[in-house]
Amino acid sequence: MHPISLLTLPNVFSYAGVALFAATGAMAAAPRKHDVVTFIFFAVITGLGGGTLRDLLLGAPIVWVAEPTYLLVAATSGLLIWVIGYRESARRLLLWPDALGLSAFAVIGADKALALHAGAAVAVVMGVLTATAGGIIRDITAHEPSVLLSREIYITAALTAAIVYVSAQPLIGADAASIVGFVAGAALRIAAMRLGWRLPSYAGGVLGRTSVEAEAG
Amino acid sequence: MHPISLLTLPNVFSYAGVALFAATGAMAAAPRKHDVVTFIFFAVITGLGGGTLRDLLLGAPIVWVAEPTYLLVAATSGLLIWVIGYRESARRLLLWPDALGLSAFAVIGADKALALHAGAAVAVVMGVLTATAGGIIRDITAHEPSVLLSREIYITAALTAAIVYVSAQPLIGADAASIVGFVAGAALRIAAMRLGWRLPSYAGGVLGRTSVEAEAG
Amino acid sequence: MHPISLLTLPNVFSYAGVALFAATGAMAAAPRKHDVVTFIFFAVITGLGGGTLRDLLLGAPIVWVAEPTYLLVAATSGLLIWVIGYRESARRLLLWPDALGLSAFAVIGADKALALHAGAAVAVVMGVLTATAGGIIRDITAHEPSVLLSREIYITAALTAAIVYVSAQPLIGADAASIVGFVAGAALRIAAMRLGWRLPSYAGGVLGRTSVEAEAG
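Protein chains in written order, with the working numbering: chain E, 944 to 1160; chain R, 944 to 1160; chain H, 944 to 1160.
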């Protein structure tokens, strides 16, 4: 049996993550001045897309089909953005809880995969997909370049949270590992935003450098 | 047991809906002067995409895997558009049956979810997805802005049909509810097209209006 | 029982196909100078996307969840492209093995569907999806027009391989049919590339030609 843990007991973290991602979905509908139904639609697909893909791939029942409260949380989040609105400064403020949500979902996704007896590599992939697929679906549906294409430390932060959780869980248990994984991913994402960190970008590889040298020589 | 109803008995309505959406998919391939195979490909993903997503999410067997006649109907529809062609006026004429198909699929999708013991909120979502996902997949694959982004009463019409059906079904039975839901959704869509109805678009919410007033003050 | 065949025995062909498609995914990340994590992400979704969609639709366990070696193969392929790099000439050279992978995956996908007791039409569709969906997902996620929109003999080659395999398999057995189907699809794709073959493009259909004649008359 998978033990009851910080991850499985207080659904409040899952709900908070869904609400937050849903809010970023509704904000994606704002620049085109959509109506409230479209705001809610984007909120729902963004807030629930990652978990939905994870559950499909794991062959598990879709989380919001089994627990429709998730639908309500995501829809309410979209409605609130439409009613209350936000300032551009709010979008920047949201990057902070978005970093927390990204990291939390990476841990939650990896944990669910392990609970369903997936191997370590599969669990890491499920963590990354849970954390990132909602945003990717949001961007594709909004006909915008995906967050993947922005060259920020984003997938990398989710990957870090998932790898740390999956590696630490057999050693220190699910509760401690979830905290360590969450902190590692969120800290990396926040530090990267504050300090402008990026991974090295593709520079042509060995062949590319060779050909540049050949030209220079 | 879910009773045999107008919805489950005469598959002819489902086939007609698939053929119609498939035709709109083939038409999306026309401006780029694609070949017949691409026409058929777009016809199939558009005609069957919504029902496929619904069945995946419900954990049900995919409808066209169990009944390949659906594949034949969608492919034939795409082939006919390629052979016969259409005039721009036909595209406008098709908005009428498209409105009927949208509403019918919203009812059919919600009904299938209820039959599989989903709750009311989930059934409404499945109705909306069945009605709209094929068109969204068509637009994304054709690298066009999705119909979602057009600010028309489109998702709203599907949502209306599904909500009316799910609400009325316990009161008046599946047959009567399916007619009422279908008529409500189709009438809303058609009226919106004829009269240029739109829902209010996002105007910045409470915060946005405040900041506009602040600037004016 | 489905017999052990050329297709099911030597997974080496499947791994080679995954590695190859994964490489094309990583190459899609190159022009934007992404980091290594993004290269690997694109490699994985491109290399495994087609088989994943097929397994979801067939209700079968996802192949890389059951056999994580596939993840390793796809990720390694993306990593190698980042480290070694490639020249534009390599992209053209890759069109050859890409043609082989396309055809092989069409046969493998159709075969898996038949093994799971799908009908002939469904098996052909699964072959085409296995061969093409990875590339479509890659292009959509990279915010590029999909390969579908290029008017090349691409889906048609996958379709040919799948139809030949499914038609020949009851007559000459899975082994011989897989070779014939594979050769037919790959030869068509390669000949089309070398000789610039295309299917006739949409010319307005019967109605379109009529209206052109009416204008000319």
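Hints are supplied without guarantee of correctness; some may be wrong.
No copy is singled out in the list; a pair is fine if it fits within one copy or between any two copies.
20 Å max Cα-Cα, derived SDA-like pairs, lysine to any residue [to be verified]:
{"hint": "1", "residue 1": "K976", "residue 2": "G1139"}
{"hint": "2", "residue 1": "K976", "residue 2": "L1043"}
{"hint": "3", "residue 1": "K976", "residue 2": "D1118"}
{"hint": "4", "residue 1": "K976", "residue 2": "E1095"}
{"hint": "5", "residue 1": "K976", "residue 2": "I1115"}
{"hint": "6", "residue 1": "K976", "residue 2": "A959"}
{"hint": "7", "residue 1": "K976", "residue 2": "P1088"}
{"hint": "8", "residue 1": "K976", "residue 2": "P1113"}
{"hint": "9", "residue 1": "K976", "residue 2": "I1027"}
{"hint": "10", "residue 1": "K976", "residue 2": "S1093"}
{"hint": "11", "residue 1": "K976", "residue 2": "I1005"}
{"hint": "12", "residue 1": "K976", "residue 2": "Y1029"}
{"hint": "13", "residue 1": "K976", "residue 2": "S1144"}
{"hint": "14", "residue 1": "K976", "residue 2": "L1092"}
{"hint": "15", "residue 1": "K976", "residue 2": "E1087"}
{"hint": "16", "residue 1": "K976", "residue 2": "L1023"}
{"hint": "17", "residue 1": "K976", "residue 2": "A1009"}
{"hint": "18", "residue 1": "K976", "residue 2": "I1133"}
{"hint": "19", "residue 1": "K976", "residue 2": "L1022"}
{"hint": "20", "residue 1": "K976", "residue 2": "A1058"}
{"hint": "21", "residue 1": "K976", "residue 2": "A1135"}
{"hint": "22", "residue 1": "K976", "residue 2": "R1094"}
If you're looking for bench data, these hints aren't it; they were derived computationally from the structure.
Owing to the predicted nature of the structure, the values given are computational and were not obtained by experimental measurement.
Quick rundown of the hints versus the structure:
1. Proximity of K976 and G1139 under a CA criterion of 20 Å is satisfied inter-copy only: 17 Å between copies versus 31 Å inside one chain copy.
2. Taking the shortest Cα distances, K976 and L1043 never come within 20 Å of each other, neither inside one copy (28 Å) nor across copies (27 Å).
3. For a Cα distance limit of 20 Å, the shortest separation of K976 from D1118 qualifies neither inside one copy, at 43 Å, nor across copies, at 38 Å.
4. Taking the shortest Cα distances, K976 and E1095 sit within 20 Å of each other only across copies (12 Å), while inside one copy they are farther apart (27 Å).
5. In this assembly of identical chains, K976 and I1115 lie within 20 Å of each other by CA distance neither inside one copy nor across copies; the values are 49 Å within and 38 Å between.
6. Within a single copy, K976 and A959 get their C-alpha atoms no closer than 26 Å, and across copies no closer than 34 Å, so neither meets the 20 Å cut-off.
7. In this assembly of identical chains, the alpha carbons of K976 and P1088 lie at most 20 Å apart whether taken from the same copy (19 Å) or from different copies (15 Å).
8. Taking identical chains as interchangeable, the C-alpha atoms of K976 and P1113 are never at most 20 Å apart, the minima being 49 Å within one chain and 37 Å between chains.
9. Proximity of K976 to I1027 under the C-alpha cut-off of 20 Å is restricted to the intra-copy arrangement: shortest distance 14 Å within a copy versus 39 Å between copies.
10. Taking the closest pair of Cα atoms, K976 and S1093 come within 20 Å of each other only across two copies (10 Å); inside a single copy the shortest separation is 24 Å, beyond that limit.
11. For the identical chains of this complex, K976 and I1005 are neighbours neither inside a copy (31 Å) nor across copies (36 Å), given an alpha-carbon limit of 20 Å.
12. Proximity of K976 and Y1029 under a CA criterion of 20 Å is satisfied intra-copy only: 13 Å inside one chain copy versus 33 Å between copies.
13. With identical chains, the CA atoms of K976 and S1144 are at most 20 Å apart between copies only, with a shortest distance of 5 Å across copies and 35 Å within one.
14. Proximity of K976 and L1092 under a CA criterion of 20 Å is satisfied inter-copy only: 10 Å between copies versus 24 Å inside one chain copy.
15. Taking the shortest alpha-carbon separations for K976 and E1087, both the intra-copy value of 15 Å and the inter-copy value of 19 Å come in at or below 20 Å.
16. Proximity of K976 to L1023 under the C-alpha cut-off of 20 Å is restricted to the intra-copy arrangement: shortest distance 15 Å within a copy versus 38 Å between copies.
17. For a Cα distance limit of 20 Å, the shortest separation of K976 from A1009 qualifies neither inside one copy, at 33 Å, nor across copies, at 42 Å.
18. In this assembly of identical chains, K976 and I1133 lie within 20 Å of each other by CA distance neither inside one copy nor across copies; the values are 30 Å within and 23 Å between.
19. Taking CA atoms no more than 20 Å apart as the test, K976 paired with L1022 passes inside one copy only; the shortest distance there is 14 Å, against 38 Å between copies.
20. In the homo-oligomer, the alpha carbons of K976 and A1058 never lie at most 20 Å apart, since the shortest distance is 42 Å inside one protomer and 37 Å across protomers.
21. When the C-alpha separation of K976 and A1135 is checked against a cutoff of 20 Å, the pair qualifies only between copies, where the shortest distance is 18 Å, while the shortest distance within a copy is 31 Å.
22. Proximity of K976 to R1094 under the C-alpha cut-off of 20 Å is restricted to the inter-copy arrangement: shortest distance 8 Å between copies versus 28 Å within a copy.
The earlier numbered hints that this structure contradicts are 2, 3, 5, 6, 8, 11, 17, 18 and 20.
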